[in-house]
Structures are given as C-alpha cells and as structure tokens.
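Trainee: Here is how the chains run, residue by residue.
2 protein chains.
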Amino acid sequence: MTAAQSFLHAILAPDSIAIIGASTDPTKRGYTAILGLIQGGYQGRIYPVNPRAKEILGLPVYPSIEAIDGPVDMALICTPAASIPQILHDCGQKGVKGAVVLAAGFRETGASGRALEQELVAAAHASGVRVIGPNTSGMFNLHKRVNLLALTAVKPGGVGIISQSGNMLLALAMEAEHDGYIGFSTYVGPGNQSDVGFNDYLQYLGEDPGTQVAVLYVEGFSDGRKLLQVASQITPHKPVVIYKSGSTALGEKSAASHTGALTGSYAMTVDLLRQVGVTVVHRSDQILPVAQSLAKLQPARGKRIAIIADGGGQATIAADRIAEAGLELAELATTTRARLAEILFAQASLNNPVDVAGTSDANPEVMARCIEIVGADAGVDAVMLVGMFGGYHIRFDQSLLGSEIRCAAAMVEYAASCSKPLVVHSIYAERRPVALSLLRESGIPVHGSIENGVEVLRALSERGCFLASLPAQQASSVAQVQAQATAQQSLAQARQSGRDLLEFEAKDLLRVHGVPLADELVVRDDQHWDAVVQKFGTTPLVMKVVSKDILHKSDAGGVKLKLTGAAALQQAYEQIMQGARAYNAEAEVHGVLLAPMAHPGVEVIIGVVQDPIFGPVLMFGLGGVLVEVLKDVAFRAIPLSANDARSMLAQLAGRQILDGVRGQPPVDKDALVDLILKVAQVVQAYPEIAEVDLNPVLLYPDGYAVVDARIITRKD
Amino acid sequence: MTAAQSFLHAILAPDSIAIIGASTDPTKRGYTAILGLIQGGYQGRIYPVNPRAKEILGLPVYPSIEAIDGPVDMALICTPAASIPQILHDCGQKGVKGAVVLAAGFRETGASGRALEQELVAAAHASGVRVIGPNTSGMFNLHKRVNLLALTAVKPGGVGIISQSGNMLLALAMEAEHDGYIGFSTYVGPGNQSDVGFNDYLQYLGEDPGTQVAVLYVEGFSDGRKLLQVASQITPHKPVVIYKSGSTALGEKSAASHTGALTGSYAMTVDLLRQVGVTVVHRSDQILPVAQSLAKLQPARGKRIAIIADGGGQATIAADRIAEAGLELAELATTTRARLAEILFAQASLNNPVDVAGTSDANPEVMARCIEIVGADAGVDAVMLVGMFGGYHIRFDQSLLGSEIRCAAAMVEYAASCSKPLVVHSIYAERRPVALSLLRESGIPVHGSIENGVEVLRALSERGCFLASLPAQQASSVAQVQAQATAQQSLAQARQSGRDLLEFEAKDLLRVHGVPLADELVVRDDQHWDAVVQKFGTTPLVMKVVSKDILHKSDAGGVKLKLTGAAALQQAYEQIMQGARAYNAEAEVHGVLLAPMAHPGVEVIIGVVQDPIFGPVLMFGLGGVLVEVLKDVAFRAIPLSANDARSMLAQLAGRQILDGVRGQPPVDKDALVDLILKVAQVVQAYPEIAEVDLNPVLLYPDGYAVVDARIITRKD
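Order-wise, the sequence lines are chains A and B. For the first sequence, my numbering gives the first residue as -3, with consecutive numbering after it. For the second sequence, my numbering gives the first residue as -3, with consecutive numbering after it.
No lab work stands behind these hints: they were computed from the structure. Model, not experiment: these values are computed from the prediction. Take the hints with a grain of salt, since some may be wrong.
Here are the simulated DSSO-like pairs of lysine-lysine, each with C-alpha atoms no more than 27 Å apart in a straight line [stated by the list, open to error]:
id, chain 1, residue 1, chain 2, residue 2
1, B, Lys549, B, Lys711
2, B, Lys674, B, Lys222
3, B, Lys151, B, Lys24
4, A, Lys674, A, Lys222
5, B, Lys627, B, Lys531
6, B, Lys299, A, Lys627
7, A, Lys299, A, Lys93
8, B, Lys299, B, Lys665
9, A, Lys627, B, Lys151
10, B, Lys627, A, Lys299
11, B, Lys299, A, Lys558
12, A, Lys665, A, Lys544
13, A, Lys627, B, Lys24
14, A, Lys140, A, Lys151
15, B, Lys292, B, Lys151
16, A, Lys665, B, Lys90
17, A, Lys90, A, Lys151
18, A, Lys549, A, Lys665
Starting from the given sequences, assemble the full structure and let the hints guide the process.
Mentor: Structure representation (structure tokens):
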C-alpha cells in the first residue's frame, strides 16, 4: 500500500452530507437518499437543501448551501443538469470536498450535453470540488453508514464495488441478500467520469481498510494503462475482481450504445488484467461467489486439488470441471491414503477424488477427518468437499445433526489453522441447514453449484500462483536496453521522410540490440553479383525489393526465392525491378535485400501495437491459420517480465506445437522468450517506434530466424 | 411414438408392490420405502414380506412371497446380494412382473460378485421377472404416487429422470424443491443394468404420457448404438436432455472407478447425441433449468434472439452470452422500432437489445407491450426479458404492484398465444415476488442468472432447428450404395491374406462408387517408363511403394515426389526398392503406385472408425496441426444425411478456412459433402470394412483430390 492516501476518503467516508435538491416527494432521490441515511443509522450531519421546504423527515431544510451552519464534506446533488455548474461553484465557496452528481443529460446526449459537461468540469476545477458522476447511480459506504441509494437489503462487509451499471449493483445487492453472508463496504457508480475516474475509485478501494476485495463491473476503460498501474499496486495485498462486459462483437455493440468509452478486444483486455494479478470473471453470476471466496479464503499455492465426496456423481462432475479449468487432481501420498483407509469403509475410493462410499452416512464427522488428512498432504494445494454435507440428518436420520455440527466446527478449525483453502459444495446449500450456516458464519462460503465451486478454486489458484510469482516478477522485470545512436539516427531519418523503417533498417536495429539475425546484404544496383556469390557461397538466397513505397512486396512481384549463382541473381533482379515499375511507376526503389533462405521451422508471429486504451501491447502467436482463423494469440502490456513472456507460450491453445508434434523436436523456448523480451525492451527504449511486426519468425530446436521484420514509426 | 409399449409400464406404474426384506428399523430401506409409499398416498396394495415381523406401519406382514393373497406387479427387494437369485425364482412363481434390487455386491466387487450377477441374470430369465438394478438407488413414479426413495421434497411434474448416480438424483430433487415449480414423473436408477438397461428406461420415458422431458445423467453408455436409435425415435416428439459425466481425462478416470462401462471420447459422444436431437447440457447446474424450459416452452424456430431490458448492464451481458452461445441478436424491423418508439421514452434504445431506459420504472406494464411488439416481428425467433421485472414495486414504489401483476398476466397470455418462446430473467428471482410467481405458476420459468437464461435459449433454438430439419433429414438420409462385385472380391482377397486393402485397391473401391480420383498407375517392374511418360505427359508425378508390409511408406523411403521423365522415374524406382529392402528385408513389394502430384489445396481428413460403444462413426476435420493439436474435428454416426454432413463443416472452429482465408477462394463444399456421404455409404455397403482413412484430401474451389486412402478390413 502506498503512503499517499486517496483524496476520496474524505468524500466517500464523509462526516457531513448536504442533500442539494432535497425533496418531500417519497419517489424522488432527494427524499430517498435522506431516508437511506437515517434508516442506515448515519452518524454524521445531514443537511437537506431546498429553498422551498422547511423540514424533511424531521430534519430542518436549508434554503441554500451557504446557509448551512457547519462544514460539509460531501454534497449529493439531485438537481437537473443545467443547474450543476453553478451549484459546484456554490459548493466550492462552502468548502465542500466532493459532490455526487446524479443528473443525466451530459455528453451521452450529444453536442449541447457535451458543452454542459465541459462547463461542469471547468466548475469542478475552479471550485476545487471533486465530482463523482455526473449520470451516476450514486454511492454507499456501509461501514460509515452512508447509504445514498436507500437500499434496504444490503449489509456491511468486505466487498467494495465500482459498477458502470446501476442495475448491476442492484443485481449484486439482491444476490448478496439471498446469500445472506455477503456484505459490502463501498459502492460507487462512476457515471460519466468527467472528473473523478475509475482508477481513482480503484485506488480508494485498494486503500480502504473496510474493503477486503475490490469488484469492478466495467463496460469500457478510458485510461487502461493507468488502470493496470493502479491494479498492480493493489493486487499484491488485496484481490481485485473484474467483470468486463462487451466480450463479443454483439456485446461490444450493446455496450457502445450505453457508454462513450472505447472498448478494446476482450481477449487482449483479459490478458492484460491477468498480467497485473486481476481476477477476471467471465460469467456475471460468478462475480460474487468468486469475490466472496477471494475475500474470505486463503489463496491456493498451486493447482493441485483434492476432492472429498460422499458419492460418485458429484465427484466425477467436480473432476471434469477441475480439468477444464486448467487445474489438476492432486496425486495423494501413500501415507495419506493409508490414513484415510484407517477411517473409511473398505469400499471407499482412496485415490483422488476420495469417495467415502457411505462411511459418512452414519458418521458425518468423518468428513472433517478426511479434510484434515488430505489437507495435510504436501501434494495438495486446496481441498474441495462435494456432496450432501449439512443434509445427512435430513436424508438419513435426525440424530446425525450433532455429528454434522461437530464436523462443521472441526472444518472451521481446520480452515483457520491451515494455509490451504477449503471450498465446500453441498446439494443442501439452499436448505440452509445449521451445519452449513456455521460454516458460512465462520467465513467458509458454501456453494450449491459444483461449477461455481470450481470457478472459485480456479480463482484461488490463479491468485496463489500470481502471489508466488511476485518475487520472480519483480526481479526479472527490470531489464532495459539503452537506445543506440545508429538506430536513433535511422529512426530519425525515417520519420523525417514520413516513412517507416525499411526491412533492413528494422533488422539492423534489432541486430544492434543483440538479436541474432542472419547476415544480409542490400544491393543497390546489378554490379555486384560476384561479391554476393562470394559472400553467401552456395546457400540458396531470397531477394526482396527495398522500397518505402512498396508495402506488400509479394503483390509487386518483389520477392524471389531459392536463388543460386550470379546469373539467377541477375535475372531475379531484373524481374523485381520490372515488377516494381509495373506495380507503382512512382515507387522509389532503394535496391534489393539478399538473405539466405531460412530453413523450415515452427512459424510464429511477434508484434507490438499501440492500443488506444492500454498503450504498448506485445502480441505473440502461432503463425498461419492459427493466428488468422483461430486467433490463438497472447497479449501482454509492455514492459513485460521473463515470467510474463514465458506465460504467453503456455497460454496458447496450440502450445503443444512448440513442444514438437509429428515427431519434431521442441523449439528453443529460451531463445524465443529472449526475443520476445528484446522486442518489448526495444519498443521501450525508442519512443519513436509505434509498432513492430516480426512475421514470420521461424523457431528451431536451437535458435530462430526472423524472416521478415517491420518497424512502424510514430507519425505524430 | 411407436405402437409397441414398453414392458416397463406395468413395473414402473404398479398396482401392487411387495417389499421383500421389509423392516421395522426406521433407518432401513425396507422401512422407509413403505413409509414413502404411505406418505406419498400410494393407492395400490402394499405387501411387506418378512418371516420375522407381524406388522409394519400398520400393514400386515407376509412371511413369504407366496403367502401374499393377491397379484404383485412389482417387488422391491431389500435383502443382501446372495439371497437375490432365489428370491427372483420365488417372485417368478408368484407372477411378479419386475423387481427393484437394491443390493450391491455384484460385478462391481470382482470375480465372485460377477459370478453372482450371472446367477441373478439367469434367475431373471428363468423366472420371467425383469430386474431393475441390482445396485440401484431405486425408483419413484410420482404420478402413480410410488415413492420408493421416501423423498419428501419432490412433487409430481413432467421431468422424468434416469440417473446413474443416486446422489445426482438427490441433488436434482433438492434443486427442484428450492425452485418450487419443477416436478418429476418417474425416476429410475439403472444400477448395474444386468437385465433392464438404459435404453429400456429411455424408451419408457419416451412413451410415458406423464413425462414431458426425459433427463439422463450418464456416466457411461453400454449400447450406444441402440441409445441413438431409441433417442432418435423420441426426440421428434419429446425433448431428451443428457448430462454426460467424464468429459475430461480426469473425469473419465473418476467415472471409470465407479462404473464398469466403457467411456468414449466426450466430444464424439456429444456430436452423436446432438445428431439424433438430444440436448446435451455441459454444466450440471443447468440440467434442470434447461429441462424445465424444454418441457414448458415452445422451441425457437431459429437463432435470432431479441432482448428487452430495463438497463444497460444486463442487456450487455445477455448480448455477450448470446453471441458466445452461437445465437444471434435479431435485427428488428423498422415497423417494430416505430411501434416501440410510440410507447417508450425518447432516450430508450430501440435497436436490439431494446433498453426501455426508465419507461418501466413507473409503468411496468410497458414491458408486456414491448414483448408483444418484438415477439410479433418476423425476424425474431425468441424473446428474452432481462432486468428487474417483478421487483419494480420493491425498488420504486409499492403502488406499482398492480401494474406488475397485470404485466405478468399479459406475458402469460402472450406466451400462450405466441409460437415463440419467452425467456425471463429477473434479479428479483430469489425474492419470489408475486408477479414472478404468477409467471412460474403459468409455466414460464424465471431465471436469476442471465447465463442460465441464455443456455435455455440455446437449447430451445437447437431443438427448434432440429425439429425444423427433420423433414429434410428424413428425405436425405435414404441414399444407399450397392456393393459392387469387383470391390467385394478385392476385400475378400485382402481378408483372406489377413491384410488391409492396398492404397490402389482402396482408391479403386472408391472409384467404383463414383468418387472422382485422378488416374493412377501401378507399375510392377521397371520396364514401362516410356508408357508412363506417355500416359501422364509432363505432369510431375509422385511414386509410392505398394506393399502390404510397409504401412508407413515415408519412413521406408517409399515416397518420391515431383518426378518427370523416364530417367527420373527409373532412379526413383531403384531408390524405393532399395529403401524397402533396407526397411524390411521380408517385405513383399507389389510394385509402385504412380500418380500426378496434387495441386496445393485446403488439407482435410475424412475417417471412419468402429467405436466400441457407438459403432461406425465418421470423423471430419481440417488437416495438419488443426486435427492433431487442436482436435478441431466433428463426428457423426453412420448412416448420416446430407444435413448431417453439412453440419460437420459448420461445426469446426476453423470453418472459415473452408470459406477461404488469405485471399483464397472458398472450397467446393458440395463436392466435400458428397465425398463425406459417399464414404459413409461405402462403409455401410461393405460390412467387411472396419475403418477408412482419407488423409489428406485436398480441397479446391472446384472438386478435390484424395491424396492417400486407407481401407482397413475387419479381421474377425
């Protein structure tokens, strides 16, 4: 946690609140907000402001802001859009620190709204009043008993929420109410983010001691780069859960019609968020189960899950989902199995999934013993209980209730003393038997859905692996390269002529930074074939046209393959020059690039783009149709660590190709990781570089060949 | 529905039941079953049998089966395994039609258990008593008030269940209890299926008028071919929902430890089930939501979904999930948008997703109007309502309750009169407000999870498309080919020598059936190169060794490419013969096959395997790494229709490759479909064929080339 405290603490945990546009009409926000504050037991001062009312809900009403007889930390402004700039000035005079502006009618409505929003921002800056909104659903801080939404069903707890949809907040509140054990700390609807933005709220939740987990419902990021930076400061000590809507083209269309924010590719966004340790949830109905468990349970140090079940059906389902989630079934130690054998029936299955096969039917307490034994196995990172725990006394005999409760108590003790998480599923979850209430009251969530339980395990494991990788991440992320004079000159020249680097210039730039590239040669006329032959010997060569005016060399007949001997070179040269003229008579041709033909290898692509939201992003993927059709690629924000680079390889669906298929040996992954890192470092070292495209790179068991390289310069 | 009635009706809807091994101990099944029958209000006769008791739960106890003074339709046998064969004989004497055998201790326990199970089967056959089980959790038939499980929470309804896990039945029962509106017809646990099998139960559920949807929880199929046949007779008039556990290697391992059945590849199983119209559910927590909606709602005639929302958040989430599910957002007609504009606020979004943008906050009834308007659009196949319906009076003002209830009533009317399904989501689902209860009571399920609602839409759409395809399916599935004498001779000769067809024989067999293949030539010595040159002209040729003893031709240096001219042919021939001798000195070499080199094209693979569970299955996939690494393949059981074949193309993740990528023209899909059908028909025509492997087939804009063909003969 940084020492610097967010300015939002004073605003979101205010000691005094003015309600501007307070109302006597029970259907208006200017009324319900006051009701919410009173019913919520707010301990600070409440100042209703309305020139035409005397008293609302027993509180005296002030005719104006300046008439208020005490300091005001925060103002809730319920008046229409047009009135906001003046009110902000008045608030500034009064020393109000921040204002929650509910009114819509700003940039989301078109040109005049946009102008009004600019006025609002100017007023905020001039007055020194920070603005939450406009067009926000409001906020609450339940630990401070500030409930401007007048939601009656919410209770205080560790889940902090930022939601770009007020309805989603309502949905989460309803879900928490039904769960009964999920409570909230602070909620903010960022609205148009004219002044205070998403990242400010996230930083606040990161600092807020009442928030155990930060949950974000996001339709679009505006400053993604800053978000990654803020998130990366929070995730080492507090989980951050993000649901990003607009995951598909259709979804993006729908999100675009509701916010003004740009939306990047979903897959890229997910990769970048995970890179900084954010937990991305893909199903909206898993947001709270995952967030609550991240808040309450220990992260899992690895992926090895042990299942304890009282029947085959649920055990198999859990095992299926665990494999699909990229987790593993732990291999239980011989001693673990022996200890289980001592307490379970002979027909029990002692291999993971452990199936007690009826042992628990008359003796529920045996489940806690199984959990302790399996949890003590060094090869197990997390334990999942599936089946009918909590309902044995319902299913079999009421007399089992005592044993079930003792079992639950033992599980609570285990959870408190063990560093491994315990995830509990029960088909009786919705019946809420007392044993399950005991677990949940003690901070062990209970899932009625095996699928949700496994998603929780996935999140706990991902978080545990992220935390474990932090030391290596920090140690390896510092490598930088120094810009070199020759390369800088080359970039400067290109930018002066408003062009990108030529292929040989791009390769020279990489060479300067130690990227091993084959010796190549630029020939500017047809006088030197003997020298070429002397240099390359009998190696077959490729000849490519060098021209800033010919981007797609093949289309211009500008690439000739498998050339050997001076005569072939001469002929190819003439054909290329002819082709270039035919393609574009105006094209300035600098000559041809001669390079040895690369041996066949595994084709990959390494690229860097400047994402409008997230800044420089590196993409790695398998070449050909795998990139183009199946979009089998991985993204990381630059800068990236060796750890990040290595994780890109492991993420691809076709990763097996790197390990060798059809009898091929594995490629040189170390060299590949080096190349990825080098490309990222080069982009960092030269701000003049906008994009990089190494396509294809051919990977070998020993090293690689960069067949083509493009470096696009910044044109601004 | 077939006229032939399942023998199970008399057993699963019995007018009299004997409880053999009836007990006075309230923890024993011999007691709880009687309790369940009495509490359930069973109207038939109950005969407890126990030589050592006089009365149980007020009923007289019979000392033996023969002592019972009336006919017995069904016997529940609660005694241990060893007693079963004798009891079955006694039941046969009494004229009992079927017995439910709870005891475990048969083949699942090893050799002696297996012997006892054989005894049981022999006794069943000899006595004429059909056996449900052994090792079954039992059965219930709630319409007949037969509840041998003594489950108190279940209520009668349209969902019939066959579950290989008793715990899964219990889980579904708990879920139905919580839902409150899901009822069951008949449940059977098939147990070891020693006598009556899965397919018998499925046929029964298909015939049972009390069952609106058949739900199967399956760990492994024994006779998959028969299952497909039975299912294909049911699905045209009744939905069948299957959850297949063991979807992953890990899951398979766990399932294998609980059943003796073989488990095929999950992906293949799913394809084959869908081929016959079965709805496959992949998440266990979606089994009942999907089944209930299939039972209650109309199928959707297509994939075009309209979303009506009262807020952006849920609309976007629904749109995302709809796209991911392979469904589409319907394009609303101009007239539809105009009609919506008449009733909605100006800021409402009239494009799909329709967002009423506050119009409903004070006027919930507008939602029903929107549903009617959108549902009347010819471009819409199904309507999904998302948001807070049912909770407006909770969120805004109690006075809205009346409007909400009128709205719900209008929605019920719409659903009854419209042929398109209405899927309802509400964040208030768990609060159970009266408007939602009205919907649910009227057969419109309400989902608290958007994701589950969309999964329901996917199932309704898939079912609607299946039903719509039935006429075409039936018309196109009759094509057959007649076995030809030359091909039969070729197969017979090969089988006599215990070998498979040689490549040229396989190709000849395909040629005989009209598969267009390039002219090829088998040359048996090196005397005829001039004739070869004359035949093929200057076309470059490929030469391949022909030998039953050399399966992997390339490994033996047995393939030479790009040959032109007699000299090159002679040299290649010598090299191949040398290579063959070096590879296997004993190999019998028949000569070499000469064929024109195929032009580059899109590489695909077509294969047929004999699956031990499902019989002959055709596989189609994109060649190279797409098949090997990404497993991007589709399966269909043979026989298959043109419809089936075409759907295989559409199913591939890389299907875009068939439409042309990187500027390539699309391949000739009609020719490809013809080839797939021909291969399937050939396998049907020749029972001697075990497997076929066309790999690769190169696809062109006009036709294709079968580069290599293997036909494996049956060796039995």
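Trainee: Holds or violated: are the alpha carbons of Lys299 of chain A and Lys93 of chain A at most 27 Å from each other?
Mentor: Measuring from Cα to Cα gives roughly 47 Å; hence the hint is violated.
Trainee: For Lys299 of chain B and Lys665 of chain B, compute the direct alpha-carbon distance and say whether it is at most 27 Å.
Mentor: Holds. Lys299 of chain B to Lys665 of chain B sits at ~23 Å (cutoff 27 Å).
Trainee: Does Lys627 of chain A sit within 27 Å of Lys299 of chain B, going by the straight-line distance between their CA atoms?
Mentor: Within the cut-off at roughly 24 Å; holds.
Trainee: Hey, Lys627 of chain A versus Lys24 of chain B, does the alpha-carbon distance stay inside 27 Å?
Mentor: violated (58 Å)
Trainee: Does the alpha-carbon distance linking Lys627 of chain A and Lys151 of chain B stay inside the 27 Å limit?
Mentor: Violated. Lys627 of chain A to Lys151 of chain B sits at ~48 Å, over the 27 Å cutoff.
Trainee: Assess, step by step, whether the Cα of Lys674 of chain B is no farther than 27 Å from the Cα of Lys222 of chain B, and give holds or violated.
Mentor: It holds: about 24 Å lies between the C-alpha atoms, which stays within 27 Å.
Trainee: Is it true that the CA of Lys627 of chain B sits at most 27 Å from the CA of Lys299 of chain A?
Mentor: Holds, because 24 Å separates the two Cα atoms, which is no more than 27 Å.
Trainee: Decide if the proposed pair is consistent with the structure: Lys665 of chain A and Lys544 of chain A, CA atoms, cutoff 27 Å inclusive.
Mentor: Violated - the C-alpha atoms of Lys544 of chain A and Lys665 of chain A are around 33 Å apart, more than 27 Å.
Trainee: Holds or violated: Lys665 of chain A and Lys90 of chain B, Cα atoms, limit 27 Å.
Mentor: Status violated; Cα separation ~75 Å.
Trainee: Between Lys627 of chain B and Lys531 of chain B, is the straight-line Cα distance small enough, at 27 Å or below?
Mentor: violated (40 Å)
Trainee: Given the hinted pair Lys299 of chain B and Lys558 of chain A, is their alpha-carbon gap at most 27 Å?
Mentor: violated (51 Å)
Trainee: Given the hinted pair Lys90 of chain A and Lys151 of chain A, is their alpha-carbon gap at most 27 Å?
Mentor: violated (33 Å)
In this structure, the earlier hints numbered 5, 7, 9, 11, 12, 13, 16, 17 and 18 are contradicted, and the remaining ones agree with it.
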